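S.K.: Based on the sequences and whatever the hints tell you, model everything.
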Amino acid sequence: MNLTLKVWRQDGPEDKGRLETHQLSGVTGDMSFLEMMDVLNDKIIREGGDPVVFDHDCREGICGMCSMFINGEAHGPGRGVTTCQLHMRSFKDGDTITIEPWRASAFPVVKDLAVDRSAFDRVIQAGGYVSVNTSGETLDANAIPIPKADADEAFNAATCIGCGACVATCKNASAMLFVSAKVSQFALLPQGQPERKRRVTRMVEQMDKEGFGNCTNTGACAVECPKGIDLSNIARMNRDFLSSSLTGE
Amino acid sequence: MSSSGILKSSIAKKYAMALTGLFLCLFLVGHLLGNLQLFIPGEEGQTAFNEYALFMTTFPAVKVLSYLTYASVLFHLVDGVVLTMQNHKARPVRYAVEKGSANSGWSSRNMAVLGTIVLVFIVTHMQNFWWKMHFSDMPTQVVDGVALKDLHTVVLDYFNPAVNSMAAAAVALYVLGMAALGFHLWHGFASGFQSLGVRHETYTRWIEMVGKAFAVVVPLAFASIPLYLFMTQG
Numbered sequence: 001m002n003l004t005l006k007v008w009r010q011d012g013p014e015d016k017g018r019l020e021t022h023q024l025s026g027v028t029g030d031m032s033f034l035e036m037m038d039v040l041n042d043k044i045i046r047e048g049g050d051p052v053v054f055d056h057d058c059r060e061g062i063c064g065m066c067s068m069f070i071n072g073e074a075h076g077p078g079r080g081v082t083t084c085q086l087h088m089r090s091f092k093d094g095d096t097i098t099i100e101p102w103r104a105s106a107f108p109v110v111k112d113l114a115v116d117r118s119a120f121d122r123v124i125q126a127g128g129y130v131s132v133n134t135s136g137e138t139l140d141a142n143a144i145p146i147p148k149a150d151a152d153e154a155f156n157a158a159t160c161i162g163c164g165a166c167v168a169t170c171k172n173a174s175a176m177l178f179v180s181a182k183v184s185q186f187a188l189l190p191q192g193q194p195e196r197k198r199r200v201t202r203m204v205e206q207m208d209k210e211g212f213g214n215c216t217n218t219g220a221c222a223v224e225c226p227k228g229i230d231l232s233n234i235a236r237m238n239r240d241f242l243s244s245s246l247t248g249e
Numbered sequence: 001m002s003s004s005g006i007l008k009s010s011i012a013k014k015y016a017m018a019l020t021g022l023f024l025c026l027f028l029v030g031h032l033l034g035n036l037q038l039f040i041p042g043e044e045g046q047t048a049f050n051e052y053a054l055f056m057t058t059f060p061a062v063k064v065l066s067y068l069t070y071a072s073v074l075f076h077l078v079d080g081v082v083l084t085m086q087n088h089k090a091r092p093v094r095y096a097v098e099k100g101s102a103n104s105g106w107s108s109r110n111m112a113v114l115g116t117i118v119l120v121f122i123v124t125h126m127q128n129f130w131w132k133m134h135f136s137d138m139p140t141q142v143v144d145g146v147a148l149k150d151l152h153t154v155v156l157d158y159f160n161p162a163v164n165s166m167a168a169a170a171v172a173l174y175v176l177g178m179a180a181l182g183f184h185l186w187h188g189f190a191s192g193f194q195s196l197g198v199r200h201e202t203y204t205r206w207i208e209m210v211g212k213a214f215a216v217v218v219p220l221a222f223a224s225i226p227l228y229l230f231m232t233q234g
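Protein chains in written order, with the working numbering: chain C, 1 to 249; chain R, 1 to 234.
These aren't lab readings, by the way, just hints derived from the structure by calculation.
Remember, predicted model here, so these are calculated numbers, not experimental data.
Quick reminder that beta carbons are idealized off the backbone N, C-alpha and C, glycines included.
A hint or two may mislead.
What the hints assert, rightly or not - No farther apart than 30 Å at their CA atoms in a straight line, the calculated lysine-lysine pairs in the DSSO-like style are these: (1) K111/C - K89/R; (2) K148/C - K16/C; (3) K43/C - K148/C; (4) K8/R - K209/C; (5) K16/C - K99/R; (6) K111/C - K92/C; (7) K212/R - K209/C; (8) K209/C - K63/R; (9) K63/R - K149/R; (10) K212/R - K13/R; (11) K6/C - K99/R; (12) K89/R - K16/C; (13) K99/R - K89/R; (14) K6/C - K89/R; (15) K6/C - K16/C; (16) K16/C - K43/C; (17) K13/R - K99/R; (18) K209/C - K111/C; (19) K209/C - K16/C; (20) K43/C - K92/C; (21) K16/C - K111/C; (22) K148/C - K6/C; (23) K99/R - K92/C; (24) K99/R - K212/R; (25) K149/R - K212/R; (26) K209/C - K13/R; (27) K13/R - K63/R; (28) K63/R - K111/C; (29) K13/R - K132/R; (30) K8/R - K132/R; (31) K149/R - K132/R; (32) K6/C - K43/C.
Said to hold, decoys possible - If you anchor each label on the Cβ, the simulated ranges turn out as follows: (33) S66/R - D57/C: 56 to 64 Å; (34) C63/C - W206/R: 23 to 31 Å; (35) V64/R - P145/C: 50 to 58 Å; (36) V97/R - E47/C: 20 to 28 Å; (37) P60/R - R122/C: 35 to 43 Å; (38) G105/R - Y129/C: 47 to 55 Å; (39) R205/R - P13/C: 43 to 51 Å; (40) M126/R - Q23/C: 57 to 65 Å.
M.R.: Below, the structure written as structure tokens:
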């Protein structure tokens, strides 16, 4: 497979950046997108150039590190997959592929395709946790009865890997899907109740502080989310935020 | 969180958009029902419409509603501008390639543009009818010895090619305004419920269907009036 790649190159956060064109041959359909990037970097290094910087870690779709905006879509054309799970068989010989980093003011570019997603960490730090007694008398989670539907719903929310595809794909760079998943995974469970009100107000406050955009309910985030987090989480957060703002501390 | 913090939050701004937007949907229904009287022919229609116009501009409860409507339009507008500016700031560098059609509806991505077209329509619409009714000299119709402001004739003449040389343009602008309103509602109606957190496995499908039907029927019914007046007069 021969490809024309237009890859975003940016030396650092302050650099303006530009698209750089590369011709790449010898790509097979069985390669993952990241393996294709490895081939590209191998070629660049052999030619004495500076390899393309991109984030990756587990390469099996669970760590949330890979983050490429491929041909106008977060994680490329596939559904329910991260960039590392996207295979080159999704493309045709002779295709031109444009590869860009996540673009949001809250996710500044570190270099090339790698962006700084620590804004998500700060949102989690603001309230995305449950305080658990670790003195040795912790109640076994399995001893607390939870309706199956709630447990499933909480688990679905908890499958969010925090990759940031929702922010990247949202036309407003809104983080509502991520934040609402992290709110929902606790809001649905008894363990999350004591801090429920504080959690949602603080996380939303931090989300706004980080400079993410506002939700327009386009639904693009849920379509592009590799884990299928759905919009009911955003509605739940909207409800929780309202009631918590009115009745919270 | 302090109360000022709540008001500044992104989600509260969306509540405001939703509440004002959905209230304006109710206004549309009321306004449309009134306008449909323009289909009543002859003097009967003229009297009915002018008496209705008098009622709408003088009855105290309606006055309260009309001030609520003005406030909602203004708030929806200002809030929308603030949200849009924040959204642009959240992504200062655009993508070279963006494939929004792969994951979202066209109207949902163009609410600000559609809203702006609707705003232009509202301004010209109010200038043509609301301003005249409230602040300028109007022809009158005498009913039972009482002189009524004859808004009926003003409206009919405005869309009459024999009286108004710009009638065709007026109809075109009206239809364009209603088309933009339709697309705005196509997304906005159901989106308002989502912003308020009203979402349910079963009922959300119904809300979306009602929203889409509303988005088609209401603007179409509005637009049919000037089209009818244009084609049957002159």
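S.K.: Does the alpha-carbon distance linking K13/R and K63/R stay inside the 30 Å limit?
M.R.: Judged against 30 Å, a Cα distance of about 26 Å means the pair holds.
S.K.: Does the Cβ pair S66/R, D57/C satisfy 56 to 64 Å?
M.R.: Check passed, 60 Å falls within 56 to 64 Å.
S.K.: Assess, step by step, whether the Cα of K148/C is no farther than 30 Å from the Cα of K16/C, and give holds or violated.
M.R.: Violated, at about 51 Å.
S.K.: Between the alpha carbons of K149/R and K132/R, is the straight-line distance 30 Å or under?
M.R.: The hint holds at about 10 Å.
S.K.: Holds or violated: K209/C and K63/R, Cα atoms, limit 30 Å.
M.R.: Distance of about 41 Å is beyond 30 Å: violated.
S.K.: Can the suggested window of 57 to 65 Å be confirmed for the beta-carbon pair M126/R and Q23/C?
M.R.: holds, 59 Å
S.K.: Straight-line Cα separation of K6/C and K43/C no greater than 30 Å?
M.R.: holds, 15 Å
S.K.: Check the hint pairing K6/C with K16/C against an upper bound of 30 Å on the C-alpha distance.
M.R.: holds, 16 Å
S.K.: Taking the Cβ atom of V97/R and the Cβ atom of E47/C, is their distance within the range 20 to 28 Å?
M.R.: The hinted range 20 to 28 Å holds for V97/R and E47/C, with Cβ atoms some 26 Å apart.
S.K.: Is the straight-line distance between the alpha-carbon of K99/R and that of K89/R 30 Å or less?
M.R.: holds, 20 Å
S.K.: Falls inside 50 to 58 Å, the C-beta gap from V64/R to P145/C?
M.R.: At roughly 51 Å between Cβ atoms, P145/C and V64/R fall inside 50 to 58 Å, so the hint holds.
S.K.: Is the hinted pair K99/R and K92/C satisfied, with a Cα-Cα distance of at most 30 Å?
M.R.: Since the Cα atoms of K99/R and K92/C sit roughly 18 Å apart, the hinted pair holds (cutoff 30 Å).
Hint check: violations occur at hints 2, 3, 7, 8, 22, 25, 28, 29, 30, 34, 37 and 38; the rest are consistent with the structure.
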